[in-house]
Amino acid sequence: MPEPKRKTLKRKGAGGRAVHDVGGLALGSIDREEHDLALWEKRTDAMLILLRDNKRRVLSVDSHRRTIEDYGQQAYDSTTYYEKWIRAIRNLLVEQNVLTRGEIEARMAEIRARHETGGRKISRGKIPW
Amino acid sequence: MDTSHARSFMPGDVVRVAGRASLGHCRTPWYLRGKTGVVAAIQGTFRNPEMLAYHKPGLPAVVLYKVRFKQSELWERYAGPACDQLEVDIFEHWLEPTKGRMANGE
Amino acid sequence: MHNDHHDHDGHDHEHPHRKDHDAGPMSAYEVLEEAVRSLLIEKGVLTAQEIAAQVDVMDSRSPALGGRVVARAWTDPAFKKRLLADTRAALAEVGIDIGTLAEFRVVENTAKVHNVIVCTLCSCYPKMLLGVPPAWYKSLAYRSRTVVDPRGVLVEFGADVPDGVEVRVHDSTADLRYIVLPMRPKGTRGWSEEKLAAIVTRDCMIGTALPRV
Chain A
1 MPEPKRKTLK
11 RKGAGGRAVH
21 DVGGLALGSI
31 DREEHDLALW
41 EKRTDAMLIL
51 LRDNKRRVLS
61 VDSHRRTIED
71 YGQQAYDSTT
81 YYEKWIRAIR
91 NLLVEQNVLT
101 RGEIEARMAE
111 IRARHETGGR
121 KISRGKIPW
Chain B
130 MDTSHARSFM
140 PGDVVRVAGR
150 ASLGHCRTPW
160 YLRGKTGVVA
170 AIQGTFRNPE
180 MLAYHKPGLP
190 AVVLYKVRFK
200 QSELWERYAG
210 PACDQLEVDI
220 FEHWLEPTKG
230 RMANGE
Chain C
236 MHNDHHDHDG
246 HDHEHPHRKD
256 HDAGPMSAYE
266 VLEEAVRSLL
276 IEKGVLTAQE
286 IAAQVDVMDS
296 RSPALGGRVV
306 ARAWTDPAFK
316 KRLLADTRAA
326 LAEVGIDIGT
336 LAEFRVVENT
346 AKVHNVIVCT
356 LCSCYPKMLL
366 GVPPAWYKSL
376 AYRSRTVVDP
386 RGVLVEFGAD
396 VPDGVEVRVH
406 DSTADLRYIV
416 LPMRPKGTRG
426 WSEEKLAAIV
436 TRDCMIGTAL
446 PRV
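Chains as they are written, first to last, in the working numbering: chain A, 1 to 129; chain B, 130 to 235; chain C, 236 to 448.
No wet-lab data here; the hints were simulated from the structure.
Misleading hints may appear alongside valid ones.
Example chain B residues on the side facing chain C (calculated, C-beta under 10 angstroms, incomplete) [what the hints assert, rightly or not]:
1. GLY153
2. CYS155
3. GLN172
4. TRP204
5. CYS212
6. ASP218
7. PHE220
Okay, derived cross-link-like pairs now, EDC-like style, lysine to aspartate or glutamate, Cα gap no bigger than 16 angstroms in a straight line [to be verified]:
8. C:LYS347 with C:GLU285
9. C:LYS362 with C:ASP332
10. B:LYS199 with C:ASP410
11. C:LYS373 with A:ASP31
12. B:LYS199 with C:GLU401
13. C:LYS373 with A:ASP53
14. C:LYS373 with A:GLU69
15. C:LYS373 with A:GLU95
16. B:LYS199 with C:ASP384
17. C:LYS373 with A:GLU116
18. B:LYS185 with A:GLU95
19. A:LYS55 with C:GLU285
20. C:LYS373 with A:ASP77
21. B:LYS195 with C:GLU338
22. C:LYS315 with C:GLU428
23. C:LYS278 with A:GLU103
24. B:LYS195 with C:ASP410
All C-beta atoms in this analysis are idealised placements derived from N, C-alpha and C, irrespective of residue type, glycine included.
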């Protein structure tokens, strides 16, 4: 479930506090509803663990965090945990020359077309680089 | 990163968290900057995450300290009792010495 | 029904996943995940089997493991001492290998101190012992408020701590993961480890709940 949009308190650049650095702010009531992760979220988690293991070391937990921290406040606040993760994995794979931006965009278009042909509705939303 | 620091702290030392702004990835929270606490423990040495975040080796390894703060000193209007505390793991290059030392390392 | 058995490689997923189709159209992020995964498999960076196996590892973890460690500490004072002094070694004693990514530290609740764990900067969590963190632990609300108003947060969770007891918050900023060793409640004398483990919930080991008899 996406975090509710925060209309107040622009954080980035507010005296140097980074967007993810939220300790001490009063950012709403705690929603304690629990739900299972979707399969794509679990696979995202799995891919991060594998990509940072000794066999591959394509990225690290630190570079993954850094990539997420570099999002603007609007993106940070309006995306879910694993949405942040998969976007960061994508960007790091391109940064580290494992995949190209063109390959990823082409594959996404193919997948969209395949699912739509199969009758599945796909959101038109774009994921900023 | 300032590696000329190389000072070691011991449990019981009163330390201040640096008030400077961070450059890039940083694991010292904003709410602690410029605050004073007590070293509760030495947690070991680790590669510097600020460098690891950019796929650099992060060496030389940096000493990590567990630092304990009084909540009433961290927050202007802390609502809880004076006994409440907060502990955070902070890297040596984010800590500055003060003249203080707590008795019994408490 | 969203059915992707074609890329399970014959592997049965017994654990429930949230059904994406119930939430409306497939999101761009879900498409991205499939794109990245399929490309990485094609290029030989990862295999489908490795991914499936790692998903299984994630699914297999639960707070039950942490609960058993707490129960052992409650019934075996020497083990508890070792657990507090060198958590990695004590866990290894009971067959738990925490791997190389992080160190674990157990912080003990006493009559004088109640511990609560948070990661304000992201959501570091002792997954090996507690499984997947709940969404609230990763939320901006929990991450932002727990350091400045821990007692308010505890009240929301129904875990009131009297004013005479220190509330000690641990913000996990580095490669150490924290687990709370709750106090053994009254009324549990003579209980087996199994019975004790059953009252140690995930939230007890985060510090937002107390074990209830």
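- Can you give the numbers of the hints that this structure goes against, from lowest to highest? 1, 8, 10, 13, 15 and 17
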